[in-house]
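A.B. asks: Read off the chains here:
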Amino acid sequence: MRTRTLELTVGLFILIGVLALLVLALRVSGLTVNATGDTYKVHAHFDNISGLTTRARVTMAGVTIGQVTAIEFDKDRYTGRVEMAIRGDIDTLPADSSASILTAGLLGEKYIGISVGGEDDFLVDGSEIYDTQSAMVLEELIGRFLFNTVSNDD
Amino acid sequence: MKTMIDRVALIGRSGLDVLAATGRSGVFLFNALVGRSRFGNGFQLLVKQLYAVGVLSLAIIVVSGLFIGMVLALQGYNILKDYGSEQAVGQMVALTLLRELGPVVTALLFAGRAGSALTAEIGLMKATEQLSSMEMIGVDPLKYVIAPRLWAGFISMPLLALIFCVVGIWGGAMVAVDWLGVYSGSYWANMQNSVQFTHDVLNGLTKAVVFAFVVTWIAVFQGYDCEPTSEGISRATTRTVVYASLAVLGLDFILTALMF
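Read top to bottom, the protein sequences are chains D and H. Every letter in the first sequence is one number past the one before it in this note's numbering, and letter 149, counting from 1, is 240. Every letter in the second sequence is one number past the one before it in this note's numbering, and letter 177, counting from 1, is 688.
These are calculated hints, taken from the structure and not from any lab test. Check the hints yourself; a few may be wrong.
Claimed, not checked - Listed next, the in silico DMTMM-like pairs over lysine to aspartate or glutamate satisfying Cα-Cα at most 20 Å (straight line): (1) 559/H <-> 98/D; (2) 166/D <-> 212/D; (3) 132/D <-> 231/D; (4) 592/H <-> 200/D; (5) 132/D <-> 216/D; (6) 201/D <-> 222/D.
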């Protein structure tokens, strides 16, 4: 085979390989080009984070506006401290907004839903969401339900 | 008593042989890769080998990737359907391919398709004394024959593994979305939520690079080190496929234990 055609096919082969990596990055792993772009960080303390993971969605009105960046245990307050990065252009969240851990479907993944508050001040980088509602733990609910049934019988 | 001692001696001799072969292959690899000074002509040789090793392996990689992705989606769907979570099939296909099947199956196919060819080619060059004639006229066969083949293997196998993964995920989407009726939004969204670029894609690529190194090294060394007879070449080719496959599967376990 002539050298030119040979080089052409090899070049094409390498291009396809690089393109495959690009597809894996953008389409399969959902790596967005400006993922580390303009965000600001807020944190919140939850009594029970139950299955929330980093990279979980942070939503408002069902729309994703950010993601969880870190989860750690606060040993002074005995709570889970969740840090989330909110998109920079959404900078008008009232400071008394509340955050709750929700579940997609009955057994699906956990995510954070933020409900809007009424204060005039806005959440800024480093501020804390004080009003939080922990994850619904199915076992606790079932336990409470059984306990109620039993006490009604008496 | 005599036979006992003979047997012990046999074990010792085979142990020494293994050790000597390991040493030879290490020296061989070092000499082939280090000190390639003139790159001008080397580039042409590399392109030629990339074509033989990489481009010609493309067909088998694409076809097997497609079928493996399709069968993964089919099996995954049938199992996940019982739990009412068939939308997780995309995530299952992608993670299986990226973490395990992509690099491993590509390496096994690569050992069979390209590795055996490399061994046979170099072995025949040795048997027909082309390698020693090269040395006679002052051309180093390590630089002109071995090095381009090694580099071609190192470069092309990771690329083939990436193509394998993409084609497999696409084949999985074809079966799950177009045939079995999983909603395409949840197929891709579940996948994107669970697959992490550094943790899954880059670790899979690292595996592919390690396998490429091992498979090509074994293939080329077996060819270079074979007995220069037709039987020797046949044995070397078999050894390439067997050793490379075992090395890939064993290394895969170690890498998985370290990575995930």
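A.B. asks: State for each hint whether it applies.
C.D. replies: Hints versus structure:
no.	hint	in the structure
1	559/H <-> 98/D	holds, 8 Å
2	166/D <-> 212/D	violated, 29 Å
3	132/D <-> 231/D	violated, 31 Å
4	592/H <-> 200/D	holds, 18 Å
5	132/D <-> 216/D	holds, 5 Å
6	201/D <-> 222/D	holds, 18 Å
Hint compliance for this structure: hints 2, 3 are not met, and every other hint is.
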